[in-house]
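These protein sequence lines map, in sequence, to chains A and B. Position one of the first sequence corresponds to residue 170 (my numbering), numbered consecutively onward. Position one of the second sequence corresponds to residue 1250 (my numbering), numbered consecutively onward.
Since the hints were made in silico from the structure, they are not lab data. Please note: incorrect hints may appear among the correct ones.
Some but not every residue of chain B turned toward chain A, in silico, with C-beta under 8 Å [claimed, not checked]:
hint, residue
1, 1357
2, 1358
3, 1359
4, 1361
5, 1362
6, 1363
7, 1364
8, 1365
9, 1366
10, 1369
11, 1437
12, 1441
Ideal placement from N, C-alpha and C gives every residue a C-beta, glycine not left out.
Residue-level listing of the chains:
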Amino acid sequence: MMNYFPDEVLEHVFDSIASHKDRNSVSLVCKSWYRIERYSRRRVFIGNCYSISPERLIARFPGLKSLTLKGKPHFADFNLVPYDWGGFVYPWIKALAESGIGLEELRLKRMVVSDESLELLSKSFANFKSLVLVSCEGFSADGLAAVAANCRFLRELDLQENEVDDHRGHWLSCFPESCTSLVSLNFACLKGEVNLGALERLVSRSPNLKSLRLNRLVPLDTLQKLLMRAPQLVDLGIGSYVHDPSSEASNKLKHAIQRCKSIVSLSGFLEVAPRCMSAIYPICGNLTTLNLSYAPGLHGNKLTKLIQHCRKLQRLWILDRIGDKGLGVVASTCKELQELRVFPSDPFGAGNDAVTEEGLVLVSAGCPKLNSLLYFCQQMTNAALITVARNCPNFIRFRLCILDPVKPDPVTNQPLDEGFGAIVQSCKRLKRLSLSGLLTDQVFLYIGMYAEQLEMLSIAFAADSDKGMLYVLNGCKKLRKLEIRDCPFGNSALLEDVGKYETMRSLWMSSCEVTLGGCKTVAEKMPSLNVEIINESDQTEFNLDEGQKVDKMYLYRTLVGHRKDAPESVWIL
Amino acid sequence: MEGGLVLLGGGSSGVSTNESAVLSKVEVVSEAESELELGLGLSLGGGGGGATGKTKAANSSWGECGRILTAKDFPSVVSQRSNNGGPFSGTKRAAESVSHESGSPSVVGWPPIRSYRMNSLVNQAKAQRGDEGDSGVVEKDKPKDALKKKLNSNGKQTTVNEKGHLGFVKVNIDGIPIGRKVDLNAHSSYESLAQALEDMFLRSANSLEKEPLALSKLLDGSSEFVLTYEDKEGDWMLVGDVPWRMFVSSVRRLRIMRTSEANGLAPRFNESNERQKSKPI
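Whenever a hint applies, use it, and build me the whole structure from the sequences.
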């Protein structure tokens, strides 16, 4: 029947299909749908930049406007991947530039972005609007200057947790006077100064500015001026927040903040004096997102008092300084809470301020809408996890990190198998899970049995045997990403069902029991996979003995075979 | 990890030389306890699921090998250490004391915190120290000072701002003329620092000493060495008496001294003194 509709109608229908997954499905229905879908596709998400080439992307989606790319494997965030492993964005930008595609948005995660790339980007796409860089590296303020200077219609420059070499602060002055289109500006991760006058003028001439996140070196009086010029802000990241509550400056600031009635998201406080927080109270009642995870200066009563004003909070990122009692305050105040992340303030230290299972139980009891958790804690018990599972059956993401990675339940001395088992059994919509603590094969049996929607699983220092990994591979049909470190999984688990890896985006195994021979076997049997061995020790020791255990293996499905940009420390089988 | 460690049992991390193997906090056990696995040694969960070969919950002596002593060791602190030998007591805080003891960054990539966040924590701790150590200096230093990039063992760059407060102090150990430097910013407790110094000095395969440095494995933590520091006033003090932050703001350099020279400090040294070769003061 659909054959009788002209293409434009189908296109119109497809326009309303936003999700990548759905669009991918649509394109598989028949040839004409494939054709129509590909011409009308505007946004593409590529979870692994080495799974496809820019040329093929461009060939298939000539109407592309927005591209999201992810590069390095997740464990690169924790220094487990050599810095030169790969994930370079330059070839993508070059290919897109040469193709005439009208790129408007580029979102990158864990990629290497050079100043040269940014410069090329800024000069190649007349309508470029949005650049979002998360956990990237390789660029300096010079690259940012090029983007500021050349992207005439820039709406969004969002830099999140990047390592930027920004010794020269002039980039912000490079926004021309004619640039009035900014909607979002986030430079909180930059460590250098910016020209404050230029910043004030920029904000003044950006009436659409909704999101502004400052770095640590923007002083208080500038903050006050910016707020006066942008009372329409929806999302604010404060850099430095130190003032004397009795001072004139403080009063002015308070007044400026109160005018910002639209702020629903607050973050930063990279430098903070707790006694000044009362100036923030007037806007706390509207907040739905609060990120204090970079503010170790806030703790104790001042912190809990602040939280008590935030009754509408849906997302809270905080340091473990809040303590179990503080989490109790969260539980009794933030009834709308959906996402909680508790980061360690002192990852290797004594943990006196830290949180334990008690805090989590309190939050689970008080916040029934909780569906996303990242929780670094000193310890966890099975009883607590079972309670949490009962209180919050809606978890989509559950990531628990016990700072001592093999710690058992301190009350019973048992592994945490039962606790995590309860979580997967109760949370039928669980998509992402990270485990820690003392764990045996049993927990993986539970995961394989119950975690039907699981897409991403992170395992460290767990299991007793290959059975653990096999339970997961056999049971979790929707598994896309599996990352394992320091587990006793060897070749027989790896080789049991190599076809499975083609249904997944990637598999990471480090410090496990797989050998070179096992990895080679996977590579031989599955030409559609790239099997990479990362070996960072002295190259001359890298012998070719098949029985040698592989330190780090990363395999991923790809349509374009071996990549050509791997460094010496990476061997593609 | 380099020499000086005896790795026994079916090491789960294989024979790789990569430091990401969980080896830096390993327990050196005698040949007799040959089936002990390379455990993390961070926490000795007793029971656990150790039916098969992988016994992470190793229950051996809590191998404090060649520990450098700090003030904490001088009054009797047996209670803290004795917890670790067997199963945990039921109280929550007992568990905490174990991690307190271990408290050092011994596993690459753990805890899994994005390196950007880790670096921020370090820099923020430094800034706070700066506020305490210097009267009234608010951390608004201009970043025109050179940015120093440190490559950690995986080559990932860590940017550290060199402002007024450098984290690095010199460390010398008796018997070795060449000193080292240690970054105090990388630590947030005495335990962490002591562990790092032990790793640096007492496990080096390049020891210039004629005699092997004694690796003591005793539960009571006596050791051949004691850690001292020179403070701002030029006095040599025993490490560990004052709160960590106060120590960091007043320390100029460190010296790992032979216990035999640190006479009169504590009675518990009698055991190790008997074992050591006596040295003239």
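Verification of the hints:
no.: 1; hint: 1357; in the structure: holds, 6 Å
no.: 2; hint: 1358; in the structure: holds, 4 Å
no.: 3; hint: 1359; in the structure: holds, 6 Å
no.: 4; hint: 1361; in the structure: holds, 5 Å
no.: 5; hint: 1362; in the structure: holds, 6 Å
no.: 6; hint: 1363; in the structure: holds, 4 Å
no.: 7; hint: 1364; in the structure: holds, 6 Å
no.: 8; hint: 1365; in the structure: holds, 4 Å
no.: 9; hint: 1366; in the structure: holds, 7 Å
no.: 10; hint: 1369; in the structure: holds, 6 Å
no.: 11; hint: 1437; in the structure: holds, 4 Å
no.: 12; hint: 1441; in the structure: holds, 5 Å
The structure meets every hint from the earlier list without exception.
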